[in-house]
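First to last, the sequence lines map onto chains A and B.
If you read the first sequence in our numbering, its first letter stands for residue 1, the second for the next number, and so on.
If you read the second sequence in our numbering, its first letter stands for residue 337, the second for the next number, and so on.
Simulated from the structure, these hints should not be mistaken for lab results.
Just so you know, nobody snuck in bad clues.
Listed next, with one range per pair, are the computed distances between beta-carbon atoms:
no.	chain 1	residue 1	chain 2	residue 2	range
1	B	Arg659	A	Glu130	39 to 45 Å
2	B	Arg371	A	Leu55	49 to 55 Å
3	A	Pro297	B	Glu509	51 to 57 Å
4	A	Arg82	B	Leu394	47 to 53 Å
5	B	Leu414	A	Ala231	50 to 56 Å
6	A	Pro302	B	Gly661	51 to 57 Å
7	A	Asn17	B	Arg400	48 to 54 Å
8	A	Leu317	B	Glu509	45 to 51 Å
What you are looking at is a predicted structure, and each value in this text was computed from that prediction instead of being measured.
Yeah, the Cβ is synthetic: ideal placement off N, Cα and C, and Gly gets one too.
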Amino acid sequence: MTAPLLELRDVGVTYGNGVRAVDGVSLTLGRGETLAVVGESGCGKSSLGRLVMRLTDPTAGGILLGGQDITRLSRAALRPLRRRFQMIFQDPFASLNPRMTVRATLDTQLIAQRIGDRRERDRRVVTVAERVGLDAAALERYPHEFSGGQRQRIGIARALILEPELVVCDEPVSALDVSIRAQILNLLMDLQAEHGLSYLFISHDMGVVEHIADRVVVMYLGRLVEEAPAARLFAAPAHPYTRALLAAVPQPDPRQRLRFEDLASGDVPSPLSPPPGCHYHPRCRFATEICGQARPPLAPVPGGGQVACHHAALIALADPPAAPQGMFTAAPADGA
Amino acid sequence: MNTPVLAVRGLRTSFRTRAGELVALEDVSFTVGERETVALVGESGCGKSMTALSVMRLVPQPGRVAAGEVLLDGVDLLGLPEPAMQRIRGDRISMIFQEPMTSLNPVMTIGDQVAESLLLHRDMPRPAARRRAIDLLDLVRIADPHRRVDDYPHRLSGGMRQRVMIAMALALEPRVLIADEPTTALDVTIQAQILELLRSMQRALGMGLLLITHDLGVVAQLADRVLVMYAGRVVEQASVAALFDRPTHPYTRGLFGATPARGHARGRLREIPGMVPSLSARSAGCGFAARCPLVESGCVKTAPPLLTQGGHGVACQVVARQRDGVPA
Numbered sequence: 001m002t003a004p005l006l007e008l009r010d011v012g013v014t015y016g017n018g019v020r021a022v023d024g025v026s027l028t029l030g031r032g033e034t035l036a037v038v039g040e041s042g043c044g045k046s047s048l049g050r051l052v053m054r055l056t057d058p059t060a061g062g063i064l065l066g067g068q069d070i071t072r073l074s075r076a077a078l079r080p081l082r083r084r085f086q087m088i089f090q091d092p093f094a095s096l097n098p099r100m101t102v103r104a105t106l107d108t109q110l111i112a113q114r115i116g117d118r119r120e121r122d123r124r125v126v127t128v129a130e131r132v133g134l135d136a137a138a139l140e141r142y143p144h145e146f147s148g149g150q151r152q153r154i155g156i157a158r159a160l161i162l163e164p165e166l167v168v169c170d171e172p173v174s175a176l177d178v179s180i181r182a183q184i185l186n187l188l189m190d191l192q193a194e195h196g197l198s199y200l201f202i203s204h205d206m207g208v209v210e211h212i213a214d215r216v217v218v219m220y221l222g223r224l225v226e227e228a229p230a231a232r233l234f235a236a237p238a239h240p241y242t243r244a245l246l247a248a249v250p251q252p253d254p255r256q257r258l259r260f261e262d263l264a265s266g267d268v269p270s271p272l273s274p275p276p277g278c279h280y281h282p283r284c285r286f287a288t289e290i291c292g293q294a295r296p297p298l299a300p301v302p303g304g305g306q307v308a309c310h311h312a313a314l315i316a317l318a319d320p321p322a323a324p325q326g327m328f329t330a331a332p333a334d335g336a
Numbered sequence: 337m338n339t340p341v342l343a344v345r346g347l348r349t350s351f352r353t354r355a356g357e358l359v360a361l362e363d364v365s366f367t368v369g370e371r372e373t374v375a376l377v378g379e380s381g382c383g384k385s386m387t388a389l390s391v392m393r394l395v396p397q398p399g400r401v402a403a404g405e406v407l408l409d410g411v412d413l414l415g416l417p418e419p420a421m422q423r424i425r426g427d428r429i430s431m432i433f434q435e436p437m438t439s440l441n442p443v444m445t446i447g448d449q450v451a452e453s454l455l456l457h458r459d460m461p462r463p464a465a466r467r468r469a470i471d472l473l474d475l476v477r478i479a480d481p482h483r484r485v486d487d488y489p490h491r492l493s494g495g496m497r498q499r500v501m502i503a504m505a506l507a508l509e510p511r512v513l514i515a516d517e518p519t520t521a522l523d524v525t526i527q528a529q530i531l532e533l534l535r536s537m538q539r540a541l542g543m544g545l546l547l548i549t550h551d552l553g554v555v556a557q558l559a560d561r562v563l564v565m566y567a568g569r570v571v572e573q574a575s576v577a578a579l580f581d582r583p584t585h586p587y588t589r590g591l592f593g594a595t596p597a598r599g600h601a602r603g604r605l606r607e608i609p610g611m612v613p614s615l616s617a618r619s620a621g622c623g624f625a626a627r628c629p630l631v632e633s634g635c636v637k638t639a640p641p642l643l644t645q646g647g648h649g650v651a652c653q654v655v656a657r658q659r660d661g662v663p664a
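Working from the sequences, and respecting the hints, build out all of it.
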């Protein structure tokens, strides 16, 4: 068995203010696979993406790319590896140099990696631009001349021109309108099929994730609380937080109105002082004494994946997740 | 069928520019009844927010409402002098926005902000206004309102700020609340709480709710009726059940196809090619013609009227012909 393309071993990031943005996360990503990282603001999913890109240095644990430990590699030593892993950002405008034409933006990537002579680079620039749906005239224009969707195509072209194996996508469609979002998601899926790309797909949008992911990890206040094949996660979420997350998504169907008893109560606590034990316990309707005392370990779940919950087995037995239906039933308990 | 509290008829809003008059809204008509939630749906630039601003008479310069009526309990707001409009705004019709942080005053306590409209519009003495503010914070389910009333906005989470915005908007028990993307900036578990709060507040106060959103999920949760807008016009109008059962306008169908839904198999989403035309690129014909799979030569000549059959209105000449049973 070959090494997975990406492996995180118990990685952590603690920022200067004491916030443990990522707290002991382990995961693997196979070749050609899409692994989604989901969770709400402050759960650490973007920090995790930056960590994989080595834009943030881990304060604990290890990062392996194709079996090679890159945790402590210097910037110089990382540079030749950069072409193997690239990133797409939520706001392509903020991530594009406003003074560079699209052609220069793409060409710079090749020059930095010392790829090809001038003719070869030109050929690659034109090919990748065409593939992502930018016409030839677009190459001579500047980022501000494009719409949000077109800018995201530029961002994708910039990541793709180096023919990477891994692309970290940080909320790539969150800023886009529905019809444009569909165009970009389709493009990402097509490119994956053509090039065998692996995606680490960071998103807060469960609808998008269900559509694109093979596997999903759910994060809450820096910790991985559940990991599962997408089909199992959406059919039978094991962690109470995953259940709350799925239950809260308003479905485009007037007959499936939200079931408030499944919703999380209150707000996400401050990452500066997360609750002891299981971070989720103050919002959890299944919490008991132990939940406030001990951090639950990850344990296997029937049907695939793993969950960090003291009561997962009991909850699955006693309270199977129902098909979403019914009207607004009860007001949510709200300790905000 | 109850009488509408808000009736908008033939609204036309335009901007005077050097390039000529740019029309942002054309012939927008709808009503909102008591206890009724009407959703305006569409993508950026379709005219949803401009409709709300036109109703509130807050269209930014050099824009203006060029034609139409906005009747609030039968009184045309467009004909009122500005001081009279100021008395109505925030009192009988009020509005909440997407970004609660930028809409709150950072150097005023939330209690003072909630109480402000009571002092201004009701001449309430300060101690009474403060007590009422605490009641309102409690009503929108802010825990420990006696203590929170003296907090500044930066001390609150995004969800709590939106609760404060709702408390401010509801302080004078308006007849109509306009909510412009009220949950778009919020996390999904908080969004669900705010949606439920809006619904229960609406029931308690019996007000009409005009909900502006791009999210079909939010529409399905809250709306009684839906207007789909595209390029400044209403292209489809129906009850929420009818719209979700039988989305009929090609744009509405495109929106549904492009939205990932739960339980659907993986695979390509249906795309709508191209993008929403800019204000200056709009033509005389159907605004959707350039992206429409059903487009015919007649579509680019004149904008089709909204034709209603059994309460379901669609502005599309191809659909109209199919409904009449005339073969294509």
